[in-house]
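Protein sequence lines, in the order shown, are assigned to chains A and B.
Counting along the first sequence from 1, when you hit position 78 you're at 78 in the working numbering, and nothing is skipped either side.
Counting along the second sequence from 1, when you hit position 163 you're at 163 in the working numbering, and nothing is skipped either side.
Careful: at least some of the hints might be erroneous.
Here are the simulated DSBU-like cross-link-like pairs (lysine-lysine), alpha carbons at most 30 Å apart as the crow flies [as the list claims (entries may be wrong)]:
#	chain 1	residue 1	chain 2	residue 2
1	B	29	A	70
2	B	183	A	12
3	A	14	B	101
4	B	183	A	70
5	B	183	B	197
6	B	29	A	12
7	B	84	B	113
8	A	15	B	101
9	B	101	B	20
Keep in mind the hints are simulated off the structure, nothing from the lab.
From a predicted model like this one, the values you see are computed outputs, not experimental measurements.
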Amino acid sequence: MPLDQRATTPTKIKKVSPSELMIIWADGHESHLPSPVLRRECPCASCRDEMTGARILLPMHVPDDLEIRKVQLVGQYALQFEWADGHHTGIFAFEYLRELCPCDECRKKAK
Amino acid sequence: MAFWNKDSAPNEEQVLGVLKKVLDPDLHKDIVSLGFIRNLKIDGSTVYFDLNLTTPACPVRDQMRDQAIALVKSLPGVENVEVKMTSEVRQAPQMDRTALKGVRNLIAVGSGKGGVGKSTIAVNIAASLGAAGARVGLLDADIYGPTTPIMLGIETAPKSIGNRIVPQQASGLKFMSMGLLVKTDQPLIWRGPMATKALQQCLFDVDWGELDYLVIDLPPGTGDVHLTLAQSIPLTGAVIVSTPQDVGLRISMKTLRMFQQTRVPILGIVENMSYYICPHCDSKDHIFGHGGGARAATELGIPFLGEVPLDLAIRTQSDIGSPIVIAQPEAASSRMLREIAEKVAAQVSIRAFEAPVLEVE
């Protein structure tokens, strides 16, 4: 595997609880993604404008205790979630999930 | 057993010790560590073992066997070496094994544009793997222009048992095509969702049974069918078919990028219609340019699987429903196609060993 792909290739995906998803990446990094954070960043066309990328779904509309009902693989490049609010159309590519990692180290890099 | 034999015959450890010198050139490991040696038995001066490869279509199978025999024979006390060649196609380490669970490897064959001979290559790769002894299925997913029923000589609708479709069989393959479900002269005028549904039926409602390889002949380009495929099944890898001209025009690049974006490993490029051999004077003509496929493969760091000439025999065999690799196995073009199939099988084995395993809980 090319080195640059290790950071965006998951080796383990686990729904730790209805409110948290854990991903271990091929580079050894461990991401803990809270359910409401994922829901707020849903990239689907009904949550984000397809052309401009502007938010249609506002973060304040997602309750902090929103739970993930189901996690499903999409082929071998993405994940799809179903949340307790019934939303399920977002396809989260592995690259995007790594970008969403909320840990300090990844946040610093993002800046 | 004679006393002196017992004394001088090597033990298992010594045999395995020399066999460790045989490397699989694709997997870059020795055949002992890879677990290829099975049923090792030493009986006096005769050593027996099975060499269990990752595919019956292994391109270096004879080379590895000869090397193993020579090394074991070089041990003192060994007079005969009996090797049985066996194979067991490894299951691609896959994420989602719920769908198509009897299928060990899914190989997509795609192209940037139509008319490059993608179906011909797909049919002959599948038939070669089948002829080598693998259990192979062929799914013609080119819903808009299905041609495999013609190439395999079966154009009748498959039977179904309950709500499962029984795939047709021809040239040693199980096969299914949208062309079998509609009348030959009827066009399919479908919007995306219909195409998606039809493809999913061909994948999941067909009784494929146990297969080592399922080869999927894609429609040309990048569209609904491709996306559905990349999203609904874990493809082991994709083979890109192009003509030298198409490579020059960078059309096949789009297909390549699509597979990269959806993380489908690229098994390699096949250059079809590489040259034309004049049936009158045997001279080679590179009508569409030369060497483009190999150059593109080097640039992109993906394997070049081989070139196939524009050969009248490939076309006529396809038209009468009997693939050239089966009908004329000794023809030059058949040899090239078989080599391509072997390289594909080798690439699939490499993926099965190298790909990281993903656990989902």
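Hints versus structure:
At roughly 40 Å between alpha-carbon atoms, residue 29 of chain B and residue 70 of chain A are farther apart than 30 Å, so this suggested pair is violated. At roughly 47 Å between alpha-carbon atoms, residue 183 of chain B and residue 12 of chain A are farther apart than 30 Å, so this suggested pair is violated. With a C-alpha separation of about 22 Å, the suggested pair residue 14 of chain A and residue 101 of chain B falls inside the 30 Å cut-off, and the hint holds. About 41 Å separates the Cα atoms of residue 183 of chain B and residue 70 of chain A, which puts this hinted pair outside 30 Å; it is violated.
In summary, the hint linking residue 183 of chain B to residue 197 of chain B is supported, as the alpha carbons are separated by about 19 Å, within the 30 Å threshold. Annotation: proposed proximity of residue 29 of chain B to residue 12 of chain A holds, straight-line Cα distance about 26 Å (limit 30 Å). Straight-line distance between C-alpha atoms of residue 84 of chain B and residue 113 of chain B comes to about 44 Å, which puts the hinted pair past the 30 Å bound. Restraint check: the Cα-Cα separation between residue 15 of chain A and residue 101 of chain B comes to about 24 Å, which is no more than 30 Å; the hinted pair holds.
With a C-alpha separation of about 34 Å, the suggested pairing of residue 101 of chain B with residue 20 of chain B is violated against the 30 Å cut-off.
The earlier numbered hints that this structure contradicts are 1, 2, 4, 7, 9.
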